[in-house]
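Here is how the chains run, residue by residue.
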Amino acid sequence: MTIPPAVEAKGLYKVFGRNPKDVVRRLKAGETRAQVADAGTAAVIDASFTVQPGEIFVIMGLSGSGKSTIIRMLNGLLQPTAGEVLVQGSNVTTASPGELRGIRRRSMSMVFQHFALLPHRTVLDNAAYGLEIQGVGKAERRERARDILTKVGLGDRVDAMPDELSGGMKQRVGLARGLAAGTDILLMDEAFSALDPLIRRELQEQLVELQQELGRTIIFITHDLNEAMFLGDRIAVMRDGRIVQNGTPEEILTDPANDYVAQFVQDVDRARVLTASAVMERPLAVPVSAGIRGALRVMREEQVGEVYVVENRRLVGVVTDRAVIHAVKGGTTDLRTIADRSVHGVGPDELLTDIVEQAVGSPVPLPVVGESGRLLGVIPRITLLAALGNVPATTQSMPIIPATALELAAEIGRLEPGALAHAAGAADGAAAATEGGEH
Amino acid sequence: MDIPRIPLGDWVETFINWVIDVLGGFFDVVSTIFSGFYDGVAWLLATPPFWAIILVIAAIGWLAKGWKLAVGAIVGLLLIAVLDQWENAMDTLALTIVAVVIALIIAIPLGIWAAKSQTVSTIVRPILDFLQTMPAFVYLIPAIFLFGVGVVPGMVATILFAVAPGVRLTELGIRGVDPEVVEAGNAFGATSGRILRQIQLPLAMPSIMAGVNQVIMLALSMAVIASMVGGPGLGKDIIQALSRTDIALGFEAGLAVVIIAMILDRITSGFGNAKRGRKRATSATANDEAPDAGAETVVVHAG
Chain P
1 MTIPPAVEAK GLYKVFGRNP KDVVRRLKAG ETRAQVADAG TAAVIDASFT
51 VQPGEIFVIM GLSGSGKSTI IRMLNGLLQP TAGEVLVQGS NVTTASPGEL
101 RGIRRRSMSM VFQHFALLPH RTVLDNAAYG LEIQGVGKAE RRERARDILT
151 KVGLGDRVDA MPDELSGGMK QRVGLARGLA AGTDILLMDE AFSALDPLIR
201 RELQEQLVEL QQELGRTIIF ITHDLNEAMF LGDRIAVMRD GRIVQNGTPE
251 EILTDPANDY VAQFVQDVDR ARVLTASAVM ERPLAVPVSA GIRGALRVMR
301 EEQVGEVYVV ENRRLVGVVT DRAVIHAVKG GTTDLRTIAD RSVHGVGPDE
351 LLTDIVEQAV GSPVPLPVVG ESGRLLGVIP RITLLAALGN VPATTQSMPI
401 IPATALELAA EIGRLEPGAL AHAAGAADGA AAATEGGEH
Chain U
440 MDIPRIPLGD WVETFINWVI DVLGGFFDVV STIFSGFYDG VAWLLATPPF
490 WAIILVIAAI GWLAKGWKLA VGAIVGLLLI AVLDQWENAM DTLALTIVAV
540 VIALIIAIPL GIWAAKSQTV STIVRPILDF LQTMPAFVYL IPAIFLFGVG
590 VVPGMVATIL FAVAPGVRLT ELGIRGVDPE VVEAGNAFGA TSGRILRQIQ
640 LPLAMPSIMA GVNQVIMLAL SMAVIASMVG GPGLGKDIIQ ALSRTDIALG
690 FEAGLAVVII AMILDRITSG FGNAKRGRKR ATSATANDEA PDAGAETVVV
740 HAG
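Line by line, the protein sequences give chains P and U. Using the numbering used here, you'd call the opening residue of the first sequence number 1 and step up by one each time. Using the numbering used here, you'd call the opening residue of the second sequence number 440 and step up by one each time.
Where hints are given, some of them may not hold.
What the hints assert, rightly or not - List of simulated lysine to any residue pairs, SDA-like, C-alpha gap at most 20 Å:
#1 P/10 x P/113
#2 P/21 x P/53
#3 U/555 x U/625
#4 U/675 x U/474
#5 U/555 x U/565
#6 P/138 x U/577
#7 U/675 x U/555
#8 P/138 x U/633
#9 U/555 x P/78
#10 P/138 x U/634
#11 P/10 x P/89
#12 U/675 x U/522
#13 P/151 x P/201
#14 P/138 x U/630
#15 P/21 x P/83
#16 P/10 x P/34
#17 U/555 x P/77
#18 P/28 x P/18
Stated by the list, open to error - If you only want the chain P side, here are some residues facing chain U, beta carbon under 10 Å, derived:
#19 33
#20 37
#21 72
#22 97
#23 110
#24 174
Stated by the list, open to error - To list a few chain U residues with every Cβ distance to chain P over 12 Å, as calculated:
#25 502
#26 505
#27 684
If you're looking for bench data, these hints aren't it; they were derived computationally from the structure. On a predicted model such as this, the values are computed, not experimentally measured, just so you know. Glycine is no exception: its CB is placed at the ideal position from the N, C-alpha and C atoms.
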């Protein structure tokens, strides 16, 4: 690809102190942050990452972990002690002050934790500030600022002064100022941290929407893991100046790099992060061509009460043991006619929080269906609960027990002798599983 | 006393003499400019009839704060007129205005520079302490040598005495601007001149206006003392009253100074507040409180 990454950080170090270069040398030689504390404060140690265009990259860490220092090195507000930053291919670290101003105007704007609005200017002129610096004429920049303000829901407050707005509104202005500047990259430094939880959620959702609409690259700093998980396409977790893990939210949640990250992700609202595809299990499916007997055999072998029916790997429906028994009685052999097609699958990218309700209402494990109806996996209720509770999901061998074994037995009684032999296996299995579960 | 005495005063005198010899021409130029400036302003204030001046000042008061100040200014200035101190008062006002303008031309850029550079700040601070605490009369002595007797030495002494709070409060105001807002300017690629003009100066304005207010008050108090070296104005009558122990004259001239001080103070603090009012700073932050507090204490000083 010829498109350069939006932002590339290579081996960034930032040390505050008397002899920063020396501290970097010692850190490179393997000394720890605590060991060099006498010579200087190592705010950022050997941070490297790449941010692709159009992605939301979250840098997450507690206060003092160096995340705010990193973001300020990206736009040159702080000069790295070692390492370099490339923004859309141009080197920020070696740029002259004039070139740096040019990069900032063209490529990256910023949203601040405490809004940093100009208190003596109206909302409209605040939002137009970036364009003003770029030298855009008054009428045009005001028009563009007005458009963006309308997008963030402040179209009716353009003439207000910042002091007249609530915190959430102020940050909308801050966001509008960043977006209106028209730069490809938006740096957001703890942008929502000073806001009430409800307002914060609202702005997070709005940011995701705006990002999808405008396709900007966003580098977002936060100390709130839930926020990081919700917003981030990728997350870099920082601790004591180092990036300890860099991955997708799911990777960080399901495969934490070390105890620190694991401990950190313990309290995450997993339902808002994990997607259906992350927790789904191998589906029990029979092709239509296998017929009733095939379905029955699978049920018996796997000791389950229902299987999914697929045709060319596409989901047709689900057949239950009861339907099979009826079919055997009625002499039908085509699985297609007895499959229950009312089961609605969920998409692989749907968040658990969105499928819980469906899972609870569904009598069978939820099928996860991909493009053109392909059956990708299933999510039994127990798996869902295990995923939400962060306990190991050992459900693979746990069969779904028919609701009423007695009813089933009664139906078996009405079957023809030939079919009974097949069906009995399934019923026995179910009964055995019931006993097994009680002990 | 067997401790050897250091003749520091003699050295300073020698130095001043040297300065006069070497830079005499320069001081002549300065003197010409200052006195020309003063003559112009004094002419402007003395030429129109007194009621016209009163109306103009009342109008400014109205703009700055409202009708109450306008009425107060009219009553106060009429009192000065009926006490037969009008001409003296206008001379003092002219001296004050010229001194303040020159002091601010020095103070505000110096304050900005001190805010930007720690080195400048470290150098300027003790000098300001020196200027502010040295008894005001002492400035008059070298000033006479440098500029001769008349309005200019008084003006120079006034400027030296009054410049300090202007520098200090400008520096304080600019340093007190929320660093995140300055960072925002940088982050969007603004030049430092633009950040100064569009962010730092506007946000430091309450503090700078408090500085302007202080400069005016100090200049007014010094303008009276300047009459000791032949400066015109109310000070002349006060010193005369002092030497003759003339209570009546002393009180009248002194009252005129108080009235002018109060009007100037209310007008400048009014303009400072008006700036703030436009910003709609409903929540009174520490920064916003400062000018008011400064204004109240200063009246005492000037009176």
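Within 20 Å, alpha carbon to alpha carbon, are residue 555 of chain U and residue 625 of chain U? holds, 15 Å
Hinted pair, alpha-carbon criterion (20 Å max): residue 675 of chain U, residue 522 of chain U. Please report holds or violated. holds, 15 Å
Verify the proposed pairing of residue 555 of chain U with residue 78 of chain P, using a straight-line Cα cut of 20 Å. Judged against 20 Å, a Cα distance of about 17 Å means the pair holds.
Straight-line alpha-carbon gap residue 138 of chain P to residue 630 of chain U, limit 20 Å: Distance ~19 Å between residue 138 of chain P and residue 630 of chain U Cα, so the pair holds.
Proposed proximity, residue 565 of chain U with residue 555 of chain U (alpha carbon, max 20 Å): Distance ~17 Å between residue 555 of chain U and residue 565 of chain U Cα, so the pair holds.
Tell me if the straight-line CA distance from residue 10 of chain P to residue 34 of chain P falls inside 20 Å. Roughly 23 Å between the alpha carbons, so the hint for residue 10 of chain P and residue 34 of chain P is violated.
Classify the hint on residue 97 of chain P as holds or violated, based on whether any CB of chain U lies nearer than 10 Å to its CB. Constraint on residue 97 of chain P satisfied, holds at 9 Å.
For the pair supplied as a hint, residue 151 of chain P and residue 201 of chain P, is the alpha-carbon distance within the 20 Å limit? Roughly 17 Å separates the two Cα atoms, so the pair holds.
Is the straight-line distance between the alpha-carbon of residue 138 of chain P and that of residue 633 of chain U 20 Å or less? holds, 16 Å
20 Å limit on alpha-carbon distance, applied to hinted pair residue 28 of chain P and residue 18 of chain P: Holds, because 18 Å separates the two Cα atoms, which is no more than 20 Å.
Hinted pair, alpha-carbon criterion (20 Å max): residue 21 of chain P, residue 53 of chain P. Please report holds or violated. Given pair residue 21 of chain P, residue 53 of chain P is violated - Cα atoms ~32 Å apart, limit 20 Å.
Taking only the CA atoms, is the gap from residue 675 of chain U to residue 474 of chain U under or equal to 20 Å? Roughly 18 Å separates the two Cα atoms, so the pair holds.
Checked against the numbered hints given earlier, this structure breaks hints 1, 2, 6, 7, 16, 19, 20; the rest are met.
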